[in-house]
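> Sequence:
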Amino acid sequence: MRPRLDDVAAAAAAAAAGRGRGGGPGGGGGGGVAWPRSCFVLLQCLERLVALGGCDPSAFRFRILCRDILKAARRFQNLPRVCWLLAQLRATGAVDALSRHLKPQLPLLFPQQLATAAAALGACRLQHKSLLNAIAAAAMPYLSDISAGDLLKLIQGYAGAQLHHYGLVSAVSAEVQRRVQAAAAAAAAAAAAGRAGAGGSRSALGSSSSGSSSSREGDAGDSLQWGADDTWQQEAADAAAPAAAAAAATGRRRQQQQQQQQQGGGIVPSLEQLVAFRKPHRNLQSQQQQQQQQQQQQQQQQQQ
Numbered sequence: 001m002r003p004r005l006d007d008v009a010a011a012a013a014a015a016a017a018g019r020g021r022g023g024g025p026g027g028g029g030g031g032g033v034a035w036p037r038s039c040f041v042l043l044q045c046l047e048r049l050v051a052l053g054g055c056d057p058s059a060f061r062f063r064i065l066c067r068d069i070l071k072a073a074r075r076f077q078n079l080p081r082v083c084w085l086l087a088q089l090r091a092t093g094a095v096d097a098l099s100r101h102l103k104p105q106l107p108l109l110f111p112q113q114l115a116t117a118a119a120a121l122g123a124c125r126l127q128h129k130s131l132l133n134a135i136a137a138a139a140m141p142y143l144s145d146i147s148a149g150d151l152l153k154l155i156q157g158y159a160g161a162q163l164h165h166y167g168l169v170s171a172v173s174a175e176v177q178r179r180v181q182a183a184a185a186a187a188a189a190a191a192a193a194g195r196a197g198a199g200g201s202r203s204a205l206g207s208s209s210s211g212s213s214s215s216r217e218g219d220a221g222d223s224l225q226w227g228a229d230d231t232w233q234q235e236a237a238d239a240a241a242p243a244a245a246a247a248a249a250t251g252r253r254r255q256q257q258q259q260q261q262q263q264g265g266g267i268v269p270s271l272e273q274l275v276a277f278r279k280p281h282r283n284l285q286s287q288q289q290q291q292q293q294q295q296q297q298q299q300q301q302q303q304q
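Quick note on full-length UniProt numbering: the sequence shown kicks off at 1 and runs consecutively.
It is possible that part of the hints are untrue.
What the hints assert, rightly or not - Straight-line Cα separation of at most 27 Å, DSS-like style, residue types lysine-lysine; simulated pairs:
1. K71 with K103
2. K71 with K129
3. K129 with K103
4. K153 with K103
5. K153 with K129
Because the hints were derived from the structure by calculation, they are not lab data.
Being a predicted model, the structure only gives us computed values, none of them experimental.
All chains should be modelled from the sequences, with the hints used to inform the complete structure.
Here is the structure:
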């Protein structure tokens with residue numbers, strides 16, 4: 001069971017329904033003039049219902065709320081948002097009625113609002129081809145300003161309405177590919193900048209070391225020569241270290257291979273072991289020959 005309208009939503013619906021009798025929130029005169037905050041109250045009521053998980057679309061109070069929303073349709077500044085909330089509440093009839101007020105407002109809507117309107121029509125599976133084509137025509141020039149989530153919402157709206165707009169799909173696909181390529185290029189540029197920064201720091205260290213060595217050269221040439229020799233020896237040792245490590249690793253692999261070959265080949269017996277094994281082997285052969293002769297004699301006797 002979905003929850004019914006709570007006290008706040010019911011009070012908002014009752015206030016919106018009674019605006020024609022009392023006018024403003026104070027209940028004073030005013031005849032049929034709606035008080036300015038009625039649209040805000042209706043929108044708050046819809047958001048509260050969506051937060052509660054929805055309600056029965058056939059409930060009496062909800063039908064009153066939908067009736068008041070339809071009466072105030074021209075005064076809503078964000079009509080696509082209202083359609084989206086009604087679509088979440090499964091009020092297909094109300095969304096269908098509000099769609100008549102959407103088309104005149106399309107030139108005034110933001111790209112995000114266009115995506116929301118298409119998503120609302122798709123959620124209710126309303127196949128208003130003229131309205132959806134107008135939304136596509138209004139949204140295609142501004143696809144670069146729409147976020148990825150809104151692009152997905154826009155495409156899902158046309159998919160829910162089962163309308164194949166190949167121009168919009170190709171434009172959205174091209175925009176997504178452009179964003180992916182731009183992101184990849186930015187990542188590559190950042191990586192190249194990082195490598196260049198590392199190289200620049202190394203060159204700066206090298207230049208600073210060379211500057212310090214030149215200053216020391218003016219003071220003591222002999223100490224500079226010995227320091228240069230030590231630096232050269234250290235660099236040579238550092239360069240030879242990877243080669244030595246590789247040679248050691250190769251030697252370890254060869255030893256492991258030899259050990260594996262020895263283990264796989266087994267233990268080689270000595271000459272004494274071979275001589276000692278020959279005697280029982282001969283005895284076994286003689287026993288087998290005697291058994292074969294006995295079997296042959298038995299077979300001959302059976303045949304006779």
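> It remains to establish, for every hint, whether it holds in the given structure.
Status of the hints after comparison with the structure:
no.	hint	result
1	K71 with K103	holds, 17 Å
2	K71 with K129	holds, 25 Å
3	K129 with K103	holds, 12 Å
4	K153 with K103	holds, 19 Å
5	K153 with K129	holds, 17 Å
Violated hints for the displayed structure: none, as all numbered hints are satisfied.
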